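**Student:** Residue numbers (numbering that gives the first Met the number 0), protein chains in the order written: chain A, 0 to 247; chain B, 0 to 247; chain C, 0 to 247; chain D, 0 to 247.
Among the hints, a few may not be true.
Which residues of chain C face chain B? A few of them, derived with a C-beta cut under 8 angstroms, are [said to hold, decoys possible]:
{"no.": "1", "residue": "T92"}
{"no.": "2", "residue": "I143"}
{"no.": "3", "residue": "A149"}
{"no.": "4", "residue": "F153"}
{"no.": "5", "residue": "A156"}
{"no.": "6", "residue": "V163"}
{"no.": "7", "residue": "G167"}
{"no.": "8", "residue": "L168"}
{"no.": "9", "residue": "G171"}
{"no.": "10", "residue": "I210"}
Covered stretches of chain D (chain C as the covering partner; in silico rule of three or more C-beta atoms under 8 angstroms from a C-beta of chain C) [unchecked claim]:
{"no.": "11", "segment": "85 to 95"}
{"no.": "12", "segment": "139 to 145"}
{"no.": "13", "segment": "151 to 164"}
{"no.": "14", "segment": "184 to 198"}
{"no.": "15", "segment": "223 to 236"}
Since the hints were made in silico from the structure, they are not lab data.
Treat the numbers as computed from the prediction; the structure is a model and nothing was measured.
For each residue, glycine too, the CB sits at the ideal point set by N, CA and C.
These are the residues of each chain, in order.
There are 4 protein chains.
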Amino acid sequence: MENVTVNFLRDDDITAPVLIEGLPGIGQVGKLTAEHIMHELGAEKIAEIFSLHFPPQVIIDEEGVSHLVSNEIYRYAGEDATLLFLVGDFQSTSAEGHYILTETYLDIAEELGVQRIYTLGGYGVGHLVENSRVFAAVNMPELIPEVEAAGGSFENAQNGGVIVGASGLLLGLGVHRGIEGICLMGETSGYIVDPKSAESLLHVLKNLLNIEIDPTLLQQRAEDMEQIIAKIREAEEMKADEELSYIG
Amino acid sequence: MENVTVNFLRDDDITAPVLIEGLPGIGQVGKLTAEHIMHELGAEKIAEIFSLHFPPQVIIDEEGVSHLVSNEIYRYAGEDATLLFLVGDFQSTSAEGHYILTETYLDIAEELGVQRIYTLGGYGVGHLVENSRVFAAVNMPELIPEVEAAGGSFENAQNGGVIVGASGLLLGLGVHRGIEGICLMGETSGYIVDPKSAESLLHVLKNLLNIEIDPTLLQQRAEDMEQIIAKIREAEEMKADEELSYIG
Amino acid sequence: MENVTVNFLRDDDITAPVLIEGLPGIGQVGKLTAEHIMHELGAEKIAEIFSLHFPPQVIIDEEGVSHLVSNEIYRYAGEDATLLFLVGDFQSTSAEGHYILTETYLDIAEELGVQRIYTLGGYGVGHLVENSRVFAAVNMPELIPEVEAAGGSFENAQNGGVIVGASGLLLGLGVHRGIEGICLMGETSGYIVDPKSAESLLHVLKNLLNIEIDPTLLQQRAEDMEQIIAKIREAEEMKADEELSYIG
Amino acid sequence: MENVTVNFLRDDDITAPVLIEGLPGIGQVGKLTAEHIMHELGAEKIAEIFSLHFPPQVIIDEEGVSHLVSNEIYRYAGEDATLLFLVGDFQSTSAEGHYILTETYLDIAEELGVQRIYTLGGYGVGHLVENSRVFAAVNMPELIPEVEAAGGSFENAQNGGVIVGASGLLLGLGVHRGIEGICLMGETSGYIVDPKSAESLLHVLKNLLNIEIDPTLLQQRAEDMEQIIAKIREAEEMKADEELSYIG
Numbered sequence: 000m001e002n003v004t005v006n007f008l009r010d011d012d013i014t015a016p017v018l019i020e021g022l023p024g025i026g027q028v029g030k031l032t033a034e035h036i037m038h039e040l041g042a043e044k045i046a047e048i049f050s051l052h053f054p055p056q057v058i059i060d061e062e063g064v065s066h067l068v069s070n071e072i073y074r075y076a077g078e079d080a081t082l083l084f085l086v087g088d089f090q091s092t093s094a095e096g097h098y099i100l101t102e103t104y105l106d107i108a109e110e111l112g113v114q115r116i117y118t119l120g121g122y123g124v125g126h127l128v129e130n131s132r133v134f135a136a137v138n139m140p141e142l143i144p145e146v147e148a149a150g151g152s153f154e155n156a157q158n159g160g161v162i163v164g165a166s167g168l169l170l171g172l173g174v175h176r177g178i179e180g181i182c183l184m185g186e187t188s189g190y191i192v193d194p195k196s197a198e199s200l201l202h203v204l205k206n207l208l209n210i211e212i213d214p215t216l217l218q219q220r221a222e223d224m225e226q227i228i229a230k231i232r233e234a235e236e237m238k239a240d241e242e243l244s245y246i247g
Numbered sequence: 000m001e002n003v004t005v006n007f008l009r010d011d012d013i014t015a016p017v018l019i020e021g022l023p024g025i026g027q028v029g030k031l032t033a034e035h036i037m038h039e040l041g042a043e044k045i046a047e048i049f050s051l052h053f054p055p056q057v058i059i060d061e062e063g064v065s066h067l068v069s070n071e072i073y074r075y076a077g078e079d080a081t082l083l084f085l086v087g088d089f090q091s092t093s094a095e096g097h098y099i100l101t102e103t104y105l106d107i108a109e110e111l112g113v114q115r116i117y118t119l120g121g122y123g124v125g126h127l128v129e130n131s132r133v134f135a136a137v138n139m140p141e142l143i144p145e146v147e148a149a150g151g152s153f154e155n156a157q158n159g160g161v162i163v164g165a166s167g168l169l170l171g172l173g174v175h176r177g178i179e180g181i182c183l184m185g186e187t188s189g190y191i192v193d194p195k196s197a198e199s200l201l202h203v204l205k206n207l208l209n210i211e212i213d214p215t216l217l218q219q220r221a222e223d224m225e226q227i228i229a230k231i232r233e234a235e236e237m238k239a240d241e242e243l244s245y246i247g
Numbered sequence: 000m001e002n003v004t005v006n007f008l009r010d011d012d013i014t015a016p017v018l019i020e021g022l023p024g025i026g027q028v029g030k031l032t033a034e035h036i037m038h039e040l041g042a043e044k045i046a047e048i049f050s051l052h053f054p055p056q057v058i059i060d061e062e063g064v065s066h067l068v069s070n071e072i073y074r075y076a077g078e079d080a081t082l083l084f085l086v087g088d089f090q091s092t093s094a095e096g097h098y099i100l101t102e103t104y105l106d107i108a109e110e111l112g113v114q115r116i117y118t119l120g121g122y123g124v125g126h127l128v129e130n131s132r133v134f135a136a137v138n139m140p141e142l143i144p145e146v147e148a149a150g151g152s153f154e155n156a157q158n159g160g161v162i163v164g165a166s167g168l169l170l171g172l173g174v175h176r177g178i179e180g181i182c183l184m185g186e187t188s189g190y191i192v193d194p195k196s197a198e199s200l201l202h203v204l205k206n207l208l209n210i211e212i213d214p215t216l217l218q219q220r221a222e223d224m225e226q227i228i229a230k231i232r233e234a235e236e237m238k239a240d241e242e243l244s245y246i247g
Numbered sequence: 000m001e002n003v004t005v006n007f008l009r010d011d012d013i014t015a016p017v018l019i020e021g022l023p024g025i026g027q028v029g030k031l032t033a034e035h036i037m038h039e040l041g042a043e044k045i046a047e048i049f050s051l052h053f054p055p056q057v058i059i060d061e062e063g064v065s066h067l068v069s070n071e072i073y074r075y076a077g078e079d080a081t082l083l084f085l086v087g088d089f090q091s092t093s094a095e096g097h098y099i100l101t102e103t104y105l106d107i108a109e110e111l112g113v114q115r116i117y118t119l120g121g122y123g124v125g126h127l128v129e130n131s132r133v134f135a136a137v138n139m140p141e142l143i144p145e146v147e148a149a150g151g152s153f154e155n156a157q158n159g160g161v162i163v164g165a166s167g168l169l170l171g172l173g174v175h176r177g178i179e180g181i182c183l184m185g186e187t188s189g190y191i192v193d194p195k196s197a198e199s200l201l202h203v204l205k206n207l208l209n210i211e212i213d214p215t216l217l218q219q220r221a222e223d224m225e226q227i228i229a230k231i232r233e234a235e236e237m238k239a240d241e242e243l244s245y246i247g
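So that you can see chain A by itself, here it is in the shape it has in the complex (with noise of 0.2 angstroms):
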C-alpha cells in the first residue's frame, strides 16, 4: 500500500489559486467555518485522499454503509471566485504522517494551480469569550499588512506560539514551494464546538477573499449553542440552590 493515495473524482483543466483548509482542530473553528462556505457556495467533491496514517478504521454513514477514514478536495468554480476546500473528520495518527500528508496537500495544490493557501482553526484561550478575536500567522512578511487590513490581529505573535498538524505545515512546507500561507485563528474558550468563533473567522475570511458568503446558518448554530451553555448554566445555578437550601 501506498502511504498516501489520491483519487481524482473529476478529470478536467479548472484550476484555482486558492485552497481553504478546515481540518479537525480546537473547538471544531476551521472545519466549521470552511464546511459552511462550501455549503454555502454549493461546492463539489473533486478529490479523496487515503492514507495508512489516519486511523485505521472506518465511519458508518446514517443508512450503514462503512466509508473508509479520508480527507477530500472540495472545489468552487463560480464567477465570483474558483476555490479549493481540504476537509475531513480526521488528520494524522503519527507526527512523521503530518509531514507526509502535506507535502500530498501541497502535491495536489500546485497540481491545481493553486497560489494563496488559508488554513483555519481556533485559537484556545481557555475561557468563554464573548467577542472572538481573530488571530493570524504568515508565510510571508509582506502578507501581514493585508491580513490586519481585513481584520486579522497579529497581538498573539507577541506570546511565541506554535501551530501544529495540517495548519502549521501547510504554511511552513508551503514556503519552500513558494505558495502564500496565511492562518486564520478564531478565539475560542477550546472546551466545546464554538460557531461563533467560526462566524468571527469568516467575517475576517470573508473580506480577505472578497467574496459574499451569507453568515445566517453560523449564526443560527452560534445562538443554538448560546442557549444550549445558558441551560448548562442555569441547572447548575439550581443544583447550587437545592444544595443550599438542603444544608439550610
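Following the hints, put chains B, C and D in place on chain A, whose structure we already have.
**Tutor:** Here is chains B, C and D on its own, set in the frame of chain A:
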C-alpha cells in the same frame, strides 16, 4: 524481513467466493463465531500470515512448543459451499500495520477468487444483554436489503460510529477492489467473552450463507457462561447479606 | 543509516553449532547466566551489532569513554565445545524492531554455522522462590525429551503463556530456517536481579551443552543477594518493632 | 518527502575543523553556551535542516511569521578559528529519528572538514548547585588528558550513566567515522534554565578551543536568574512566616 509474509500450505486451484473474518475483538464474538463454524464444517488450514506488525512474541502451546504469532487462512470446500476463514490471536500493534495487513488479506482474497467478505465482531453496549441483536454495516448500499432479510439490523447506523481494525478496513479497502463487504456485530456487554452473542450472530450469518451449521456447541458454551455469571451474582449477593447482618 | 549494522571483528573460518542468547529480561536471569559462562570460558568478542532500533544513546564506561548501544557476539572455541553468545544491555525500542533485529541475529547464526540456539530468560512468578525450577519451551517437539532429561520442566506450558522479545522470536523465526531453538527460563520473583535462579538455569544448560562450567562465582553472587535480602527484611522488622513500641 | 532535507545557504570552500553542538536539553545549558558563543563571535547561518522526525509544527516569530521546525548550522570564520555550530529548538520526536538525524549531522560535518565535535549539555543532579563542575565524556580515550587539562572532570564516569539524543550519538556514531567527540556537561539542578552552569561550561570550552570569548552577557543572565531565585525564596519564606503567625 518483509513487512508481511504469507506461507501457503496447499497448492491447488480451488477458489472460494466468500471469506469470513473472525479476528479478536469486543467480547471475542467474531472469533467465537468464526471458529465455531470452522470446527463444525471441519475447515483446514491453507495459509499462515506472519508480520512484524504483530506483537514480537511466540505463543507456547500445551506441549511446550513455541509458535510465532500469526493470522491464518482456513478453507472449507464442501458440496454446499466453499468458504475461507481469516482467524488468529492478534491484530496489528500499530495503526499503519492495520492498513498494511488488511491489504495483504485482500491480496489473498483476490487471488483465491473471493467476491464477498463477512467480517464478524461484537457491538459493545456496556450492560448485560438478554437477547443480542445483530447490528450490521455494508460497503455497498445495495447489500442492505439482503442483510435485513437475514435478520441483521441497521438501527445502530443512526449513532454514527466507527469500525476499527481489520473488520472495518476489509470493508473500507475492499470496496475499492470491488469486493462486497458485510460486517455483522453481535450486541454484547463488552465485559465478558460472549458465546450467547456469538450464537445470535451465527443465526444471521447462516441465513446469509444459506448453509446449515449446528449451533449446539455454541449454545452449551453460552449456558456454561450463564451459570458462571449466575454464580458470581449469587456470591456477590451472599457477601452483601453477610455484610448487612454484620452491621445489623 | 541501515536499520541494523554488523561489524565483524575477526575474519576466520571457525564455525559454531550453538548460540546462547542472554539479553536483558525478567530478573536478568538470562543475562547473568550467559555472562557467567562467557566469563568462565574466556569467550572473546567477535562482532558488534548497532541499530536505530536500540535506544538513541551512548553508555559511558568507568574511564569516561562513550560506547554506542550495541548487542554483541562473543565466541568460545575450546576443545570441549565451540559456542557463540549473543549479549548486550538493551533490546529493541519498538515492536517492529524486535523482528528486524532477530532476523539479523539469525543471519549471523546461519553464517557462522549455528544449528541450535539456547535462549535464556527468567520466568516471573511474583513471589520469592526458594528452589527455582527451570521452565522450558522448544520450537520443535522432538527436542522435548532431551530438555526434560537435562532437568528442564514443561509444567508451565499448561498455562499457555508467551515469550516476548528476542528470546521468543529466535525460536519462532528460527524454526522457519531449520534452526533448533530451546528457551530456558529460571523461575524468579521478577522483583530483583536473581543470581540464584541463574544458578539453577546454569545447571540445566550445562547438562544440555555437556560441558563443565564452575558455578562458584554465581553461587557467591547468589549468597551476596541473599544477605542483602536478609538485611532488608531485618531492617523492616526493626522498623515495625519501633513503631509498635512507640505506639505502646 | 525525504526523511531529512538539508538546505545550504552558502556555496564556498571554507572548511572548519570543529563543530559545536548545542541543541535543547537539561537546563538548556548546552543551548545557552553554544548560542552565547555564536552571538559573541558573530557566526552566520549557512544551512537549515528540516525533517519529518521533528515535531509536525511551525513556530510563530514575534512578527507573526511562521517557521518550519528546523535545526541549523552556523559558521564563524575568523583569524583565531573557524567553527561550526549545530543549534535549534527541537530534537527528534522518535528514537529512530535521533539516529537518522545524527547521521545527517555527521554527513554535513564530514563534508565541511570537521575533525572534532564538541557536544554541550547539562548534567542534572536534582538540587541547586553553587559552583557547577563540568563533567565530560569522550569517544576516544586519548582525548581524556586534554579535557582534564582544560578543567573538565571525569568523576561522573564512576556512576556509569548514558548520554541521550544528539549529544550522545554524535560521539557514538562519530567515532566510527574517525571524528573525535567530546561531550561537556555543566552540572545543574535540572529544574531551571541555568546560565550559571553555562558560564562554567563556557570556561572549559574556551580552554579547549584556545580562543577568547567574553562571558559578560552570560554572567548577566546568570545574575538575573540568581535574583529571580532569591525573590522566589523570599516570597516562600514570607508565606511560611504568615502561616506560622496565623497558627500562633
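**Student:** Decide, hint by hint, whether the structure agrees.
**Tutor:** Here is how each hint holds up against the structure:
With a cut of 8 angstroms, the hint placing C:T92 at the interface with chain B is violated, because the nearest CB-to-CB distance is about 11 angstroms. For the restraint placing C:I143 at the interface with chain B, the shortest Cβ-Cβ distance is roughly 6 angstroms, inside the 8 angstroms limit, so the hint holds. Residue-level restraint check for C:A149 is violated (minimum Cβ-Cβ distance to chain B is 14 angstroms; threshold 8 angstroms). The criterion of a C-beta within 8 angstroms of any C-beta in chain B is met by C:F153, whose closest approach is roughly 4 angstroms, and the hint holds.
A cut of 8 angstroms between beta carbons decides the hint on C:A156: the least distance to chain B is about 4 angstroms, and the hint holds. Checking C:V163 against chain B: minimum C-beta separation of about 4 angstroms stays under 8 angstroms; hint holds. Taking 8 angstroms as the C-beta cut-off, the interface hint given for C:G167 holds, the closest approach to chain B being about 4 angstroms. Nearest Cβ of chain B to the Cβ of C:L168: about 6 angstroms, under the 8 angstroms cut. The hint holds.
Given hint, C:G171 at the interface with chain B, holds; its Cβ is 3 angstroms from that chain's nearest Cβ, closer than 8 angstroms. Proximity of C:I210 to chain B is violated relative to the hint, the smallest CB-CB distance being about 24 angstroms (cut-off 8 angstroms). Judged by the Cβ-Cβ criterion of 8 angstroms, the segment 85 to 95 of chain D is covered by chain C as claimed, because 3 of its residues qualify and three suffice. Residues of the segment 139 to 145 of chain D with a Cβ under 8 angstroms from some Cβ of chain C number 3, which satisfies the need for three, so the listed coverage holds.
Counting residues of the segment 151 to 164 of chain D whose CB falls under 8 angstroms from any CB of chain C gives 10; the rule of at least 3 is met. Closer than 8 angstroms: that is the beta-carbon criterion, and the segment 184 to 198 of chain D has 0 residues meeting it against chain C, so the requirement of 3 is violated. A count of 0 residues in the segment 223 to 236 of chain D with a Cβ less than 8 angstroms from any Cβ of chain C is obtained; the coverage claim is therefore unmet, three being the minimum.
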